Each structure stands twice: as structure tokens, then as C-alpha cells.
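J.: Take a look at the letters that make up each chain.
Protein chains: 2
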Amino acid sequence: MLKQVLIGVLCVSVVLTAGILIGHFGITKSGDSAPSWVKDVAKDVDEKLIQQFLSEVDNVKIQENLRELTKVPHMATTAGDEQTVQLMLKRWQNPDSGLDQAWREEYLVYLSFPDPNKPNKITVVSQSGTVLHTAREKEKPYTPDQEDPDVVQPYAAYSPPGQSRGKLVYANQGKLSDYDHLNRTVDLRGTIAITRYGGAGRGAKAINAAPYGVIGVLVYTDPLDMNDGLMSDVNETYPHSWYLPPTGVERGSYNSQFGDLLTPYLAAKEGTYRIPEADIKGLPPIPTQPIGFEDAYILICALGGDAAPTDWQGGFNCTYNYGAPGFKPTSDFNDSNVNMDIFNYGKVVNSPNVMGVIRGSVEPDRYVIYGNHRDSWVHGAIDPSSGTSVMLEISRVLGRMVKQGKWRPRRSIIFGSWGAEEFGLIGSAEYAEEYFTKLSERTVAYINVDIAVFANATFRAAGMPSLQNVIFKATKQVSAPGLDSTNVYDNWKRYFNKTSPTYGLIPSVGYLTGAGSDYAAFVHYLGIASVDMSYTYDRSKTNARIYPAYHTAYDTFDYASTFIDPGFVSHQAVARTAGNVLIRLADSLVLPLNCSDYAESLEEYLKTAVDLYQEQLHTQEISMEPLKRALASFRRAAERLDELIHSSDLANETPLKVRKINDQLMLVDRAFLNPLAFESKYGYRHVIWASSNAGKQTFPGLADAFANAESSKLPSDWQKVHYHLSVVSQAIEGAASMLADVI
Amino acid sequence: MLKQVLIGVLCVSVVLTAGILIGHFGITKSGDSAPSWVKDVAKDVDEKLIQQFLSEVDNVKIQENLRELTKVPHMATTAGDEQTVQLMLKRWQNPDSGLDQAWREEYLVYLSFPDPNKPNKITVVSQSGTVLHTAREKEKPYTPDQEDPDVVQPYAAYSPPGQSRGKLVYANQGKLSDYDHLNRTVDLRGTIAITRYGGAGRGAKAINAAPYGVIGVLVYTDPLDMNDGLMSDVNETYPHSWYLPPTGVERGSYNSQFGDLLTPYLAAKEGTYRIPEADIKGLPPIPTQPIGFEDAYILICALGGDAAPTDWQGGFNCTYNYGAPGFKPTSDFNDSNVNMDIFNYGKVVNSPNVMGVIRGSVEPDRYVIYGNHRDSWVHGAIDPSSGTSVMLEISRVLGRMVKQGKWRPRRSIIFGSWGAEEFGLIGSAEYAEEYFTKLSERTVAYINVDIAVFANATFRAAGMPSLQNVIFKATKQVSAPGLDSTNVYDNWKRYFNKTSPTYGLIPSVGYLTGAGSDYAAFVHYLGIASVDMSYTYDRSKTNARIYPAYHTAYDTFDYASTFIDPGFVSHQAVARTAGNVLIRLADSLVLPLNCSDYAESLEEYLKTAVDLYQEQLHTQEISMEPLKRALASFRRAAERLDELIHSSDLANETPLKVRKINDQLMLVDRAFLNPLAFESKYGYRHVIWASSNAGKQTFPGLADAFANAESSKLPSDWQKVHYHLSVVSQAIEGAASMLADVI
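Going down the list, the protein sequences come from chains A and B. According to the numbering used here, the stretch in the first sequence is residues 969 to 1711, in order. According to the numbering used here, the stretch in the second sequence is residues 969 to 1711, in order.
Hint data in this document are derived by calculation from the structure and do not stem from the laboratory. Among the hints, erroneous ones may be present.
Intra- or inter-copy, both count: the list cannot distinguish identical chains.
As a list, the in silico DSSO-like pairs of lysine-lysine whose alpha-carbon atoms are at most 30 Å apart [said to hold, decoys possible]:
1. K1628 to K1374
2. K1509 to K1143
3. K1509 to K1444
4. K1688 to K1007
5. K1007 to K1628
6. K1106 to K1089
7. K1089 to K1296
8. K1007 to K1625
9. K1688 to K1649
10. K1237 to K1664
11. K1296 to K1039
12. K1237 to K1649
13. K1688 to K1237
Here the structure is a predicted model, which is why all the values come from computation and not from measurement.
Generate the whole structure from the sequences, applying the supplied hints.
T.: Okay, structure coming up:
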């Protein structure tokens, strides 16, 4: 009986247990069990996935991307450009490793070209009309691809056409101060100035010249500025080294604003209102043409007059004379003119961006944008195809994970292959203008990798200070190419560093205060946290202004693979770093944007401003207290937000809480925008990072206004200083209130 | 045996079932049960709560609010204003029926006042210097509160001080066309113009006059325009009716832009840069003063010259003559001058906003803002205290629910009691300038109830078309005061209606194209969906320009409770409607903003534009196709979004999905902003709703540019038409891309 009872109890227990198990695990609780999305929305970045990404980034694939991208010259809107469009589309639409979607977007933009049937001509012509010298029309080829008929003649885009004949003068770098100095001894009216690259913007060399009566400007690259003095292609320059051969010419856009010149603040679509060409601002007013230093050498060494000052002397083995103006009596060119015959023309042409997206799984309406331009001047192996090769490798690895169903980012990733950057960042700027509100409301960050590898010594980055931390994290996970057991971060810190009050010695992230690449519209017009990354020089080894083949016919696959990054390991390091940053921005539960780091940079700006301006502002009865108060508010709000992030269990709270915090982090930069602060600077609205002429590392509007007032001493100019002080103070207060408790 | 087996099976079944039940309900699934917030984030608006709100809104409490608010005159920044500040704070900080938090925010703003020690004087003075007539300095009192020494002398705020002596001329409404007409027969140089309110803005009457040499302007309210012709206070006007007594004078601000005049686009804080007073634009350039029609009657009926045109004649029982200039020889004033002695002065003073909030439970970072100004000219019973009484009753009912723990809105509710509205919408504009980015990024909608009850005939509303649907829903739930079994909606439709292609006959919601109240900064500067609501006239019963005591010393509690809304039932209806709209905006899971309704309004604008402009634009080779395409994109995107909303089970999907949709709905209006579109119109950035001079119900920039080009015939003006066409087309395309699939 006991046995029976025991068996009975056992049976009941077994059945009960079975029931409990079935009830607990076998049946879904209606209305009470967690919906499947509860886990999805709480997911954070997956470190294993990052490791997988890093291991899959393939230097050989980057190399092969570059080979394919540089087969033909692909200047904006040419047949070669269309070939790269097709390549991008093919890759991004690849069923195994492409993106969710890819398409082209067209803009009708105003570009400037030389006339292939009437090449620009620079000649030395005697009084009797004899042509004594003709500058080379095209660069001397060393490899077959450099002989491609589609290699565009070197020219100054947006220089007006025209015939100028005049005596030659040497005007150093064509800065305002250069012409001013020259004008004291030389009557510049009717002369042609020869200037070297550097010191002033391309177009500025002509804009500065015209008021003195100069009627034409030649520009060349001095061997001192680019070649560490070397000049001979027999054994010194490319193809023997990375240095610029004597006939190499830097092409470039000579305009001064970004975006399509005919459609300011509007997308350049069919039917869009276009301003008259005559109303375009900031173009060279007089014919301008770049030439090689082979020709510049002949011209400059023949100049008469007195020796120019020491800092005007360049790398030629002759004395750079002022020019009286004109050539010296003892030269073959005595009494000759220089003739410029420029046939550039402007044209509205169709320039495509190629866009591709990976749709976000949880927050498709939050975008991380990664971009680079596609157009080059010639083959553009380094500029921009090194960046495009890297972008294609990143998108291949990520696209494959998506296609295999292994991964989908939390936020949407948008890739942009911008058109017509070389003419003035046009494709990216038109994109920003067309989708202004959408991008402004939804974009978490913009990553720009244009020239991925200038040189193979060290990583460098410039961007919003809020991105510093994620860049550090990413660079620590990537090994430095060519160095055993050193990561990119440590190597970087060796080359560029600063002492942070918070962190001690750290790599120094630069600021995006200019418009050097496609980040410009994102930073200055949209106010989106942006970063520009690359590998670059060991400055102890070269003084080259930039990699010497920049914008010349020598920027080819051979050049890149032989002299810039043999083995493509620096490319690989950049791809790993940029991709790592991209994944973290796209996948992190809490956006990796640190506003306390932003505060630190603003505090450095403030310190500089106080040191430079406070005393003099005090005498003008302008107080800096509102600015100090604003920054204190910003610092306080940033720290409280940090605390909130650290003290919250965000993965287990409503996803709207982390969204709230992420929106605060994402949008803080928008508070720094003021569309009325810089009326004369096209597209510049970000009051912290706008470009400045004052050359001080501080608030740009304040610095420029102060420099003006200090020089003019006008009360109305001191009022402008006060205005800019209020603008920046209130922008920072506005940003602080974005970071503070939302209600 | 069978029985035993059956019993056994039964037992096993019972035990198993018990087990299953225990397992399913008795044991919490670890990590798998829904977190508590899953239900919270899915909650929609609670109709029972709305019914409770409606039933608790108390007309007697509104009446008592009004009594308390109107005890003393409370012109901006006076002691009376501070008393209302304290009242607002006391109410909003009440522990039983207050808000979560309330505080004051101060702005240092530039106001204009008459000098109490040197009152402005208008006199008729003979050639020999004898004063023949002196205009009343203050209005005749009928009740003790009208004798309050703090009743400010009637004046034209921002009129310059000065002494003007000249012959009087009658200039109708002071429109440009009036002076132009007058100038053909009368030499206006050195004259003083007397004009009636209406037709042109207050300040415009002087701005239009000065170029003709006029040296002073008087303004009065003609009985024809305000009193349906009645003039006598013996038995016709207040205190016998709502009509304006003969000595009543409309005060007002004579400036032309909104916000503090010294700190354009900056918050007027301590230390903020202030422009020189001389640089303020849009103020009367010559002394200006309003007077009562008692005085105007004496002056106008004594004028000489020919009879003015019929449409210049007003309600006086005499012929309105042009003035030769000056008085007629037969009058006592023959050959006399009118002397204006104006002593107004400008002053920077501290003006507070009072702010109060109820923190949102689920989305605290989304704001519904409800506001009204607090300052009046005198007692301001109707303007603005009728609105403030309503706001206080809404905040009391909601605050009580919160304090009792019965309710907390999904989104945050912000109440604003704005300062210095009467001087140019200053408090609300400074608030918008100070918190520009925060408000722009987070505000779902702004509700403005300024004058809650102009008259008690019908509801009216003006606002963004996207709000039409929620206003309709709310008005259908409120019974119309004084009408059995009619709701506010049906009564409204009787008075104002239109035929919608989608809905048939519906009440007509007006557009907020001007800057008549504090919605201006929200609509035009921030681009936030806004609505302005009130009860108003039966136009078949009166032609009064506005309620007759407007801006006079007669706008008192007695006037409001006797003649405007006895029993305060219209106030109650407005409070119920506005509060209903407020709760729906704050609590709805999907924001009640309908973009298809927006599309319908834009399509009406397009139709008007095509009818008016297309043919002539065609001859100028300007195509309207981009605008048509943009609108088609917008319509398509709006409909798809509607479909997505209707086909989704948003309460059971991730809250980030409904947030995405809500952000699309919230932000669509931001895409209509263009800070560069209307350079000469301060604060106007919304390209759909900006003010326009052309008087056409269509896109304002296009309409104004077209009117200019049509009149000037200049090619450069036709280019501006093209520019504005592109601006509005691209704004609509931008809005469409906000509504379209996010990726």
C-alpha cells in the first residue's frame, strides 16, 4: 500500500512537473510575454562582429579596387566618370556583397573646362612677334596611361578665357601682402604675375592681383615647396621617387565657395533658378593658368630687377628677381612679353552622385553617412580613388554580412559617391541642399575618407570633438601597418598629440574649419558631427605641401602602389578604422558622441579668446561674461548627461529613453548653426567651425570681427565684435539647453 | 477496471492541468516577460479622460479668473504686470492643481512709453497762439476701475517724440494710395494728417505719409468702422452697449516687426548685443498719436477744401473734406494749426514670461506648447485676459489630474504666459530665439488662445491644415453655448465653411499668414504646426472692425461679462475645445497631424497660382512644372504615410516605429523653412505661410515677386519670380521627402 501510495505520489509529481514545464515553456503567455522587438531595440554594438569586420577587410581587394577605378581618367561628367558610376552601381547592387539599394542622383551643375580644340597657350613673344618659348601643353608621359588622350590639359577651372599680353613679374605666393609689397617698387598695371602654389588659395592669387592692375596670373609648383628641392627627372623625381616631375602641373578649381555656383542654397535640378554667370562671386577676374616648374624655371630665372626677399626665394638654382617688370636685358627674353591665351569655357552639365543604403533594423530613420567623391582630375589614384577603394572594401564586407543575414545595423547606413568634388565639392553640397531638412533631422554623423593615404607613416583625423572617443576606440583595435605590436592609436599619438586636462597625453584630432573635402556641407551647412580620416606623412622626412603627384597626370595606380602604399596596408588600416567607427555609430545603443569632449575643445577656444581679446574688449565695454556663462552651462549639461548615461540601465528601459538621449547627442551640433552669422561666407553656418581669416584657434566670427575692429578702429566694427560674441554665446547656450534635462 | 482507469486518467488530467496552469501563470518567465513599460509606450489617448476634462471645465471659475486678472491695469513691465506674474506663478505652483514646475524667464526688451509727467498733447492753436481746442488726454471713465491712475494715456508706442505744428489734412486710412491720391491736389509738405484705423497697419499710416512731407499723423477710430455708425454715449455706446464711447482710444504698437527691436534674431538677455536705436527698421518716422472720435469729429468736420471721395467718408454727420490743407474759413479754427507735442520715450526694461510644465511620461522630449500673452494695454479683460482665464482653467483641470495621480500626458506640455505681446509679440519671440533649436527639434504643436472670445456667435480657428482634423474632432465633442443639441463644429460650419474635395462641406480653418498674436514666432520663425482659436462674431449683426473696446480703457471685467460673454459659456466652449486639442496632441499614440489635409491646402494654393501666373510665366520662359511635380510628390508621400499608419498595428510594434512616423509628421513643417527667402521680412521663414502684400491666397513669395515683376516689367524682377518658384518647389520636395519612406 505504501509502495502504491509512493508510486501514486511519484506519478502525480511527474505529471504535475510535466504540466508545469509545459505550462511554463510550452505555451506563450498571451499579452504578457515580451514582444520579440524588446530584445532587438536593446541590442548594443557587437564586438565580435567588429572583429569579424576587421579580419575581413582585405588589402589585396583594396588594391584591385584601385586598379579598376584608375583604368581611365575620370574627370567629373566625362565618359570616364560614367564608367566609375557604373562600377559603383555594379558593386553596390551586387547580389552577394552589395547594399540593400543603390541608385544615381543627377544634378545639373556649372563646370569649367579647357577647350580641347583650342588648348590654352602660354608663350614668350618678342617685340617683333617671334615666339621665343612655349610652355608645355601637357605633362611628359612616363607610363602608357599618362598618354591617354583623355588626360585633360592642365588648367585653372573657372579662370575666365581671354588673351593677356604683358611683362612678367614674380609675385611669390600671390598673397595680398605679396602684391602690396611688390607694388611699392613695381608698377603692376598691365603685367602678368607668376606665383607659386601655397600661402593663398588658388583663386585668391588672381583675385588679389587684379586690383593692382595685373592682367594675368601664372601658377606653378616650386620644387622647394613640393619636392624637398629635387628637380631632375633623370634620377630624382617620379618615376624614380614620389617627387613631382618638372612638367607636372597641379590642376584645380579656382573658385572660392562650395556647391554649384549658379544655384546658391538650391539643389541644381532641371528648372531650378540659376543666377546669371556674371553674378557668381569669388572667381578669378583675370586669365589664370598653372604651368610646370620646367617652364617656370625658364621664366623666373630670366627675370630682371632686384633680388626678391629671402622668403620669396624658391628651389631653383637662380636668384628669383622681382622683375622690373619683365625679363633681364642679358636674357634671351629681353623686352619680351608673356602671352596668355586662355580658352576655358563654362557649361551646365549632368553630374551624378551614386547613393547606396543599408536599411537600419531598429532606427531606420537615423542615418550614418559615409562618403567620398568619385571624380578626379586625371586618373586620381590617390585623390580620390584611394578613398573610394577603401569605401568599396568597407561596403563589400558590410554588404556581405547583410546579404548573408548575419547582420543588419541598428541605424541606416548611407554611402555617397559624390560627383564633381574637384570643381568645388559640388555633388555633396547639392545633396545637402536637396535633402536639407531630412538630413539635418536624421543624420547621426558623417564620415569622409577622400584621400585615404597621403603617405604611410601615421593615421590622422579631423572632426567634431564629440567623435574623438569613438575614433580612439577604433584606432586602438587596428594594428599599425608595418609596425609589430603597435596599434594605430599609439603610432598616431607619436606623431600628433596634445595634453588633455581630462585624459593627459592623447592623439590630437584636428578641426574641420575649412572646406577641403566633401565634409564641408555636412559640417558647415548642416551642422552634422563629421570626421575626415586618412593615413599621412612623417613630417620629419618631407616638407612636401602635399603628396607631390596631387592633381597631376602622375597620380596613377603605378604611383600609388609603388611610392605611397606598397602592399596597401595603410589603406587597409584606414578601412579598418573608418569601418569600425562606422559600425559603432550605426550599432551602439547609446550614440558614441561625447559632449564633455566637445566642452573641452570649446574651453580651449574660450581660453584663447580670453587671452587674446578680453583686455581690449573691456576697454570697449564689451563683456565676455555671457560667453563664459554659456560655456559653463554647456560643460555642466554635458557632464550631467554623461552621468545620466552611466547611471541608467538603458538596455532595460523604454527605447524612447535611449532615443531621447541619442537625439540630444545627435542634435547638439545643430544648435551651433546660425544662417545669418556669416553673410559673406557661402554655406558657413556653424559658429564654432566656420572658416576664419584671423588665424587664431578660437571662435571664428569673434576672431575675424576682432581683427577687423583692431585694424579699422571703427566703433561700428567694435559693435560687430559684440554681435559675434552674442551669436556664439547664445549658440552655446542653445546647445547646452539641448543637452540639459529635456523638461 | 474501466472505472479505475477513467478515474486514473481524470486524475492525471487534473494534475496535469493544474501543473500547466501553475507553470503558465504561477511562475514568471525570467527575462522573457514583458517589461512594464511595454504597455505604457503603447497607450493611446483616453476618451474617458477627455470626457472628464470636458465636464470639469468650469465657466464660473473662468469668470473668477477674469475678475482677478483684471483688477488693475497690467501693461507690460508695470507693477500691474508683476501682479499677474505672481498670480500665474501662484496658480501654476499650487500643490493641488498646479503644474510640475513653473518659473519666470526674464528678457531685457526695448519698449516705448508716454511720459506721465509730460502727457502727449494735441491742440488746435490759432495764428496768434491761442489754444482753441485740446484733445482729451485720457478716456472718460464710466466705472471706478477706469479712473485708476495706472490707466496709461492713449499713445502710439514707438512713435518718436517731437513737436509738430501744421495744417490738418484728412488722409482716409493712411494707405500709400490714399496719400498718393491726396498728393495730386494738396501739397502735403508740413501738414499733419488725420487718418482712421483700418486699411493699413498702425505704423504704416505714418511710414506712408513721411515721403510726402507730412510731419505728424493723428489716428482715430471712425464710428462707421467700429460702432455700426453709433456715436452717443447717452444711450448708444458703452455702458449701454458694447460700442466704443466717443472718448475711447485704441492704443497700440506702431512697429512693424515682431520680437525685441534691439536684438534681432538674438534673445534679449543681459549683455546681448543691441543695435543702435537709429537702426531699428519699420517705425513711424514722424510723431504719431491716436485720439478719440469725439475729438476727431471736431477736427474733421471743421476741415476745408473739397469733399473727399465717397469711400473716404466715415460715420460723422458732416462731409469729410480733403482739407485745403487746414480748416475751413467758416470754422472757429480758420487758419489755425494743429500742434502735436509728443513725449514718448524708449526704454530697455525687464519683461518676464511665466512658464509652466507638465512632464511627459513616455516622451518627455516632445512638447505641446500652449500659450497666451499676459500683458494688456489697460485692464485687458478681453485682450488678453479672456485667453489667460481660459488657459488657467485648462491648466487647473489638467494640473489637478496630475496632482491626484490620475493622469500624466505621454508628451510634455509647456504653458507660456508671454510678456510684452502688445509691443510686438516680444515675449514669445524672445523665447523662440533663445531656445530655437530645442523648440524646433521637439515641439509637436503650438496652441494659441489670445482673445478667447471676441463675441459669442461661433467658434473660429486658423492654423496649419495638418491640424484641421484634430480641431474638427474636438469641436464635435463640445456643445455650442446657448444652443440646444448643437455642437461647436456644426454651429461653426454654419458661419464659416468651404467645400473640400475630400470631405465635402466642412468648417473653414483659416491660415496663419500674419503676425497677429504670439503664434507668429512659432509659425514663421520655428515652422511649428500652430493653431489660434477663439469664439467670434456673427458678421450679419455687426461690421465692427473688432470688438469695440479693443485696446481702450473700456476693456474691463464689466464690459466682458455684460456685453461679450454673459455667463462665460463661450469662454467655456473655447476652453473645452482648446483643452481637448491639447490632450489629443499630448496623448495620442500617433500624432493627430494629417498631411493629406496639408496637401489639399497646397493644391488650392497651386490652383490659384496656376490660374493667376502660369500664362504670363510661360511668356517669360519660366516653367511651373517643378512646383507641380513637387506637390504631386508631397501628395503621394502623404497618402502613403496615411496608409502606413492605417495598415500598421503600431500599439504592438516597437515604439521606435510610431516615433519614426510621429517625427515625420512633426517635422514636415520644418522643411518649409528657408531663412534666406524673405530677407526684408523679419522672422518670416515659412515659405507657405509668410505674410504677403499681393493679396492672393497662394504661395506668398511667388505672389509678391510676381506682383513686383508685373508692375516693374524688369527682367531682374522676373528672375526673382523664378527664384521664389524654385524656393517653394524645393521646400515642398523637401517636405515630401520627410514624409516618404525614411530610407
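J.: Please go over all the hints and tell whether each is borne out by the structure.
T.: Okay, the hints, checked on the actual structure:
1. K1628 to K1374: Answer is both: 28 Å inside a copy and 25 Å across each meet the 30 Å cutoff.
2. K1509 to K1143: Cα proximity of K1509 and K1143: one copy only (28 Å, versus 76 Å across).
3. K1509 to K1444: Within. Shortest intra-copy distance 25 Å satisfies the 30 Å Cα cut-off; inter-copy 80 Å does not.
4. K1688 to K1007: neither (54 Å within a copy, 54 Å between copies)
5. K1007 to K1628: both (18 Å within a copy, 19 Å between copies)
6. K1106 to K1089: within (11 Å within a copy, 84 Å between copies)
7. K1089 to K1296: within (23 Å within a copy, 83 Å between copies)
8. K1007 to K1625: Intra 15 Å, inter 15 Å, cutoff 30 Å: intra and inter.
9. K1688 to K1649: Classified as both: same-chain Cα gap 16 Å, cross-chain 22 Å, threshold 30 Å.
10. K1237 to K1664: between (39 Å within a copy, 28 Å between copies)
11. K1296 to K1039: Classified as neither: same-chain Cα gap 46 Å, cross-chain 94 Å, threshold 30 Å.
12. K1237 to K1649: This pair counts as both: shortest intra-copy Cα distance 23 Å, inter-copy 27 Å.
13. K1688 to K1237: between (37 Å within a copy, 17 Å between copies)
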